[in-house]
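Asker: The sequence shown runs 1005 to 1304 under this note's numbering.
Keep in mind that the hints were calculated from the coordinates and are not lab data.
Just to be clear, a hint being listed does not mean it is correct.
Below 25 Å or equal to it, Euclidean Cα-Cα: the simulated BS3-like pairs (lysine-lysine) are [to be verified]: (1) K1216 with K1301; (2) K1281 with K1086; (3) K1209 with K1273; (4) K1269 with K1209; (5) K1086 with K1029; (6) K1269 with K1216; (7) K1273 with K1216; (8) K1273 with K1215; (9) K1089 with K1209.
Note that the coordinates shown come from a computational prediction; the quantities given were computed from them, not determined experimentally.
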Amino acid sequence: MKTAVSSTKSNALALIFADFKEITKARLAISVVFSSIAGYFLGAYEIQWLQVVLLAFGGYCMVGASNAYNQVIERDLDALMKRTKNRPIPTGRISVKSAMTMAIVLTLLGVLALYLLNPKTAMFGAISIFLYTSVYTPLKTITPLAVFVGAIPGAIPFMLGWVAATDDFGIEPGTLFMIQFFWQFPHFWALGWMLDDDYRSGGFKMLPTGKKDAATVLQIIMYTIWMMVVSVIPVFGITGRLQLSVIAAVIVFLMGAVMLGFAFKLYSKRDNASARKLMLASVSYITLMQIVYVIDKFLG
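Take these sequences, add in the hints, and give me the full structure.
Answerer: Written out as structure tokens, the structure is:
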């Protein structure tokens, strides 16, 4: 009997944990934490692991809070789309009140953790939540320009790590911000292309032209090229302490060229399979680029 009760409790806890991961979008949050830590390693004169832990914890809380607020606001629209209709709020597994409580607690914990690093880090974290929930989320059903607004909080994490390490905002974190800012567009529009029908079911306007057409892909290509250019600017020695060796710059540029190749393939074929390959290439690019930057710093 005790075993059965214990098993039931274990299953209940597993379901609660699964819903927590879904409402905070754990995979996305972890990728954001990875970007923040990469930025920290680039900015730090000396690695302090307590700071890394605070940054990781605070970063997860801030992203998790943003996603929880987003799912509260969009709960009715989520119920209309195949990919989101089984989320915890539309299915009733988590009530709106519980989700809001969770979001508020995560916000407070996140701001506190980042404030313990320094006030600037907490400020940028709070700005990220505000823009994501109060500007980007409402705009998604109004205009494709929502993606431009969403790219701002989406680009903050890489920069945030540098600010956390240095308590300073200058050309270096500004450059990290621009790299991830331009990356957002080909990444998200590739995703938007794949999910266009589903997005339309929820009333979301995500593609720049509103259509899966040549003009949309041309914008994807343009932003990919800008991303490639900005990603290698540190090799020219004009971005302060943020440096990049020639070898590392060539590697980063070639990785960008691979992503650009997938963008041209999407222009040629204009199908979901090509969009998916571009989206996966973009995820690989941002991760590998950050790893190359960090390795280059410590090898240099």
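Asker: Please go over all the hints and tell whether each is borne out by the structure.
Answerer: Consistency of the hints with the structure:
In summary, the hint linking K1216 to K1301 is not supported, as the alpha carbons are separated by about 40 Å, beyond the 25 Å threshold. This hinted pair checks out: K1281 and K1086 have alpha carbons roughly 21 Å apart, not beyond 25 Å. Between the alpha carbons of K1209 and K1273 the distance comes to roughly 22 Å, so the proposed pair stays at or under 25 Å and holds. Proximity of K1269 to K1209 is assessed by CA-CA distance (about 24 Å); at most 25 Å being required, the pair is judged to hold.
Of the pairs offered as hints, the one joining K1086 and K1029 holds, with about 17 Å between alpha carbons and a cut-off of 25 Å not exceeded. This hinted pair checks out: K1269 and K1216 have alpha carbons roughly 14 Å apart, not beyond 25 Å. Taken as a hint, the K1273 and K1216 pair is honoured in the structure, with Cα atoms around 11 Å apart against an allowance of 25 Å. Taken as a hint, the K1273 and K1215 pair is honoured in the structure, with Cα atoms around 15 Å apart against an allowance of 25 Å.
Among the hinted pairs, K1089 with K1209 is consistent with the structure: their alpha-carbon atoms are about 18 Å apart, no more than 25 Å.
In terms of the numbered hints stated before, the structure departs from hint 1 and from no other.
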